[in-house]
Amino acid sequence: MDNLYIICVDDQQEVLNALEQDLSLFDEKMNVEVCDSAGEALELMDEIDQQGDFVALIISDQVMPEMTGTTFLAAVRKDSRFHDTRKMLLTGQATHQDTIQAINTGGIVQYVEKPWQKDILLANVKTLLSHFVMTKGLDYQEFIDLLDQEVIYQWLRNRT
Amino acid sequence: MKKVKIIICIAIPLLVLTLPLEAIPLDGITIIEQRVIAIFLLAALCWVLEPIPIYATSLVIIFLELLLLSNKGLIFLRSDDALFGTTIPYKDIMHTFASPIIILFLGGFFLAMAATKYRLDQNLARVLLSPFGTTPRYVLLGIMLITAVFSMFMSNTATTAMMLSILTPVLALFKGDEKGKIAFVMAIPVAANIGGIGTPIGTPPNAVAFKYLTGTDAISFGEWMMFAVPYVCVLLLIGWIVLLFIFPIKADRIKLDIKGSFLRNTKAYIVYGTFVLTIVLWLTDFLHGMNSYIVAMLPVAIFSLTGIINKNDLRNISWDVLWLVSGGIALGLALDNSGLASRIITSIPFESFSPVLIAFAASFIAALMANFMSHTATANLLLPLIAVVGSTVPSLKEIGGTQMVVLVTTFACSMGMALPISTPPNALAFGTGFFGTGDMAKPGVLIAVIGLLLSYLLVFILNVTGFFA
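Just so you know, the protein sequences line up as chains A and B, in that order.
Taking the working numbering, the leading residue of the first sequence gets 3, the next gets one more, and so forth.
Taking the working numbering, the leading residue of the second sequence gets 334, the next gets one more, and so forth.
Think of the hints as simulated: they come from the structure by calculation, not from any bench.
Where a beta carbon is used, it is the ideal one built from N, C-alpha and C, also for glycine.
Do not take every clue at face value.
Pairs of lysine-lysine, DSBU-like flavour, derived with a Cα cap of 35 Å [stated by the list, open to error]:
no. : chain 1 : residue 1 : chain 2 : residue 2
1   : B       : K405      : A       : K128
2   : A       : K128      : B       : K512
3   : A       : K128      : B       : K338
4   : A       : K31       : B       : K424
5   : A       : K138      : A       : K116
6   : B       : K644      : A       : K138
7   : A       : K31       : A       : K80
Quick list of simulated restraints, FRET-style, between CB atoms [claimed, not checked]:
no. : chain 1 : residue 1 : chain 2 : residue 2 : range
8   : B       : A344      : A       : S82       : 35 to 45 Å
9   : B       : N643      : A       : S82       : 22 to 32 Å
10  : B       : G606      : A       : Q52       : 46 to 56 Å
11  : B       : G466      : A       : E115      : 37 to 47 Å
12  : B       : I345      : A       : E115      : 53 to 63 Å
13  : A       : D51       : B       : P358      : 46 to 56 Å
14  : A       : G139      : B       : Y602      : 28 to 38 Å
15  : A       : L140      : B       : L352      : 49 to 59 Å
16  : A       : E115      : B       : D590      : 57 to 67 Å
Partial selection, computed: residues in chain A whose CB lies under 8 Å from chain B [unchecked claim]:
no. : residue
17  : T107
18  : Q143
19  : Q151
20  : E152
21  : N160
Extracted from the complex, chain A is given alone in its bound form (with noise of 0.2 Å):
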């Protein structure tokens, strides 16, 4: 089975206890690590691609002491190597510019304010990670109860 890194990245362990405890349900076939810096996660996604797994998404906090989330993911973005992996900004904290360059050099297409609610987290990881999937031609019926159902139906329809 293909190993699917979910990175999520904030300087508040609180919040990352959180989030982890709130994406376990993905810790069953994927893997859910916390990084309480940008640059502890870009060590790590090292790591992960030279293991020849997969970083499948990041979800960032804006306001971080070192790098801020969207300068992390504009990073991330110039980065061939995660071309494909998406990204979610969560925060509360981000100003109107902020939100700009997050889509503007970032390439998030995800935008979650904290604080979040659950389940659209949950339903945005989902739809991110099922783009994933599909784009990379890993097996989404491994996944399938992970995923977004809607994603995986548009994208069989155009396949022969």
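Since the structure of chain A is already known, use the hints to place chain B on it.
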């Protein structure tokens, strides 16, 4: 678990390969035939246990045949000894990639892809569904008919994905304990599986069957549809009744909202025209003399030259499905050309078996296997053997010979629909999360049993009316 599977898949064929010839209970067996047994076992184990993707098994088969059986294989593995047997020309093995069957399927893929790209499928679904109104049980029938018709020309999986994407938003509005919801979701994989039987390109097992219906046993595209479409219609009606019976619908109204309108631009018209023309040519080979394989190149050529299918679309072609079939053809080729198939068949006293029993057993085994593994892989493994049984057992001739036994086995391959793992359409329906495995098994088994019985009736009628003669 996966490691154990891999070890089993490698160890057993290796064991067979290293046995001395005398240890194999087949008189006069050659080394080439022994290798074919090992490759066949490897294929069977890999397709049943699935330690690797099923198309990968096909490619492994072709590679091993080139290496171990071909006239250009490893030089140390060849010999002129009488016990060695005769090698198979490497070109014949490689030809399986471009076998006419594969081209027929490719033509079907082009049609399906263009139809989806120009939204012909969705628009047809909208138009065809409107006469069924809003009464849930008739809407259910409409959905089943449309799914079946589409899956005759599109892959069962793509059809299921399209129909489920239309259906699930509506079903989400149903009340929580409404059993009727299950009827609707189950109707789609059931109808997609049944509908696939309708044409030679409806589902890969049919294509594999086409491969073994050659020479005097050949069946044309039109002839296939002539008996398969009525069969599909009857089985669909029965399936509809079974689903309504098991999952009564309480809601008194259902409204499917399919958006869109037919595209009106030059390319879209070319798609509509080519679609109709191809099907008409497929059905009228007796008038123009072009067989279905040649007609299949028509959509390929037209859609390519008009840019309707471009380079990017080519990447969406399911080469894995085509190569899965190629592997099956290569396996059949090896069994046949090495002489192993006839040696096995002659060493088992099939003559003493009742011909009816042979047909029953073949189709029952096919249906059983198809529930647990890929339909195509089932056909790949069973049909080459069944075809030889058909042609070597004289008593079968009276009840339809090779054609009869190949047809019931092929139809049975499409009867695997009792489990989420049986087919991709089943997995998709199960993925909606509206029901448990038991809800899938009940209608799945019942419809499959009825489908098998109905296929016996069909070949009986075909035999009585002299179709097989």
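**OP:** Report the numbers of all earlier hints that the structure fails to satisfy, in ascending order.
**Re:** Numbers 1, 4, 15, 16 and 17 - these are the hints that the structure violates, sorted from lowest upward.
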